[in-house]
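Start from the sequences, fold in the hints, and give me the full structure.
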Amino acid sequence: MSEHPERVWYFYVDDMMVCAEKVLAYCANLDQQAFVATPLVYDATLRNLEIIGEAATRIPDEVRQAHPQVPWRMLVATRNRLIHGYLGIDNDTLWSIVRDEVPKLLTQLRELRQQQP
Numbered sequence: 002m003s004e005h006p007e008r009v010w011y012f013y014v015d016d017m018m019v020c021a022e023k024v025l026a027y028c029a030n031l032d033q034q035a036f037v038a039t040p041l042v043y044d045a046t047l048r049n050l051e052i053i054g055e056a057a058t059r060i061p062d063e064v065r066q067a068h069p070q071v072p073w074r075m076l077v078a079t080r081n082r083l084i085h086g087y088l089g090i091d092n093d094t095l096w097s098i099v100r101d102e103v104p105k106l107l108t109q110l111r112e113l114r115q116q117q118p
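Residue 47 in our numbering sits at position 46 of the sequence shown; the count goes up by one each step and never skips.
The set of hints was computed from the structure by calculation and includes no laboratory data. Hints are not guaranteed to be accurate.
Said to hold, decoys possible - Lysine to aspartate or glutamate pairs mimicking EDC-like chemistry, simulated, CA-CA at most 20 Å apart:
hint: 1; residue 1: K105; residue 2: E7
hint: 2; residue 1: K23; residue 2: D101
hint: 3; residue 1: K105; residue 2: D16
hint: 4; residue 1: K105; residue 2: E22
hint: 5; residue 1: K23; residue 2: D44
hint: 6; residue 1: K105; residue 2: E51
hint: 7; residue 1: K105; residue 2: D32
hint: 8; residue 1: K105; residue 2: E55
hint: 9; residue 1: K23; residue 2: E51
hint: 10; residue 1: K105; residue 2: D15
hint: 11; residue 1: K23; residue 2: E55
hint: 12; residue 1: K105; residue 2: D93
Unchecked claim - Simulated DEER-style distance windows between Cβ atoms:
hint: 13; residue 1: A78; residue 2: T39; range: 23 to 31 Å
hint: 14; residue 1: F12; residue 2: T108; range: 13 to 21 Å
hint: 15; residue 1: D32; residue 2: R65; range: 29 to 37 Å
hint: 16; residue 1: Q34; residue 2: D62; range: 26 to 34 Å
hint: 17; residue 1: T58; residue 2: R111; range: 29 to 37 Å
hint: 18; residue 1: A29; residue 2: P61; range: 29 to 37 Å
hint: 19; residue 1: E7; residue 2: V37; range: 19 to 27 Å
hint: 20; residue 1: A38; residue 2: D15; range: 25 to 33 Å
hint: 21; residue 1: D62; residue 2: T39; range: 16 to 24 Å
Note that the coordinates shown come from a computational prediction; the quantities given were computed from them, not determined experimentally. Backbone N, C-alpha and C define an ideal beta-carbon position, used for all residues, glycine too.
Right, dumping it as structure tokens:
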């Protein structure tokens, strides 16, 4: 038996939502140039994207399959690229994730979460 009891999977969804909300709040009044030029915001955003991807790895396969609208594989792949620095991260791609993908993800996660206790 493990030292820590297994967390209920939807707590990881809650973590993902909190991190997505932080990313959006950190970047709310910035354009890409200001985002890249503000190291604390940039680093905090990267860290929260990493956490989102890590939490996504904790979602059981049956839940992922039941909710294919959430880009689970992309979340994990993005986390891996950020953590391991594969080929570096292009700032245009990162800004696109922040501005386009994170708001969609937050909506998808909220919809998923409303279906749970």
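Structure-based check of each hint:
no.: 1; hint: K105 to E7; verdict: violated (28 Å)
no.: 2; hint: K23 to D101; verdict: holds (15 Å)
no.: 3; hint: K105 to D16; verdict: holds (16 Å)
no.: 4; hint: K105 to E22; verdict: holds (11 Å)
no.: 5; hint: K23 to D44; verdict: holds (12 Å)
no.: 6; hint: K105 to E51; verdict: holds (17 Å)
no.: 7; hint: K105 to D32; verdict: holds (19 Å)
no.: 8; hint: K105 to E55; verdict: holds (18 Å)
no.: 9; hint: K23 to E51; verdict: holds (13 Å)
no.: 10; hint: K105 to D15; verdict: holds (15 Å)
no.: 11; hint: K23 to E55; verdict: holds (16 Å)
no.: 12; hint: K105 to D93; verdict: holds (18 Å)
no.: 13; hint: A78 to T39: 23 to 31 Å; verdict: holds (26 Å)
no.: 14; hint: F12 to T108: 13 to 21 Å; verdict: holds (19 Å)
no.: 15; hint: D32 to R65: 29 to 37 Å; verdict: holds (34 Å)
no.: 16; hint: Q34 to D62: 26 to 34 Å; verdict: violated (40 Å)
no.: 17; hint: T58 to R111: 29 to 37 Å; verdict: violated (20 Å)
no.: 18; hint: A29 to P61: 29 to 37 Å; verdict: holds (33 Å)
no.: 19; hint: E7 to V37: 19 to 27 Å; verdict: violated (39 Å)
no.: 20; hint: A38 to D15: 25 to 33 Å; verdict: holds (32 Å)
no.: 21; hint: D62 to T39: 16 to 24 Å; verdict: violated (38 Å)
When the structure is compared with the earlier hints, violations turn up for hints 1, 16, 17, 19, 21 and for no others.
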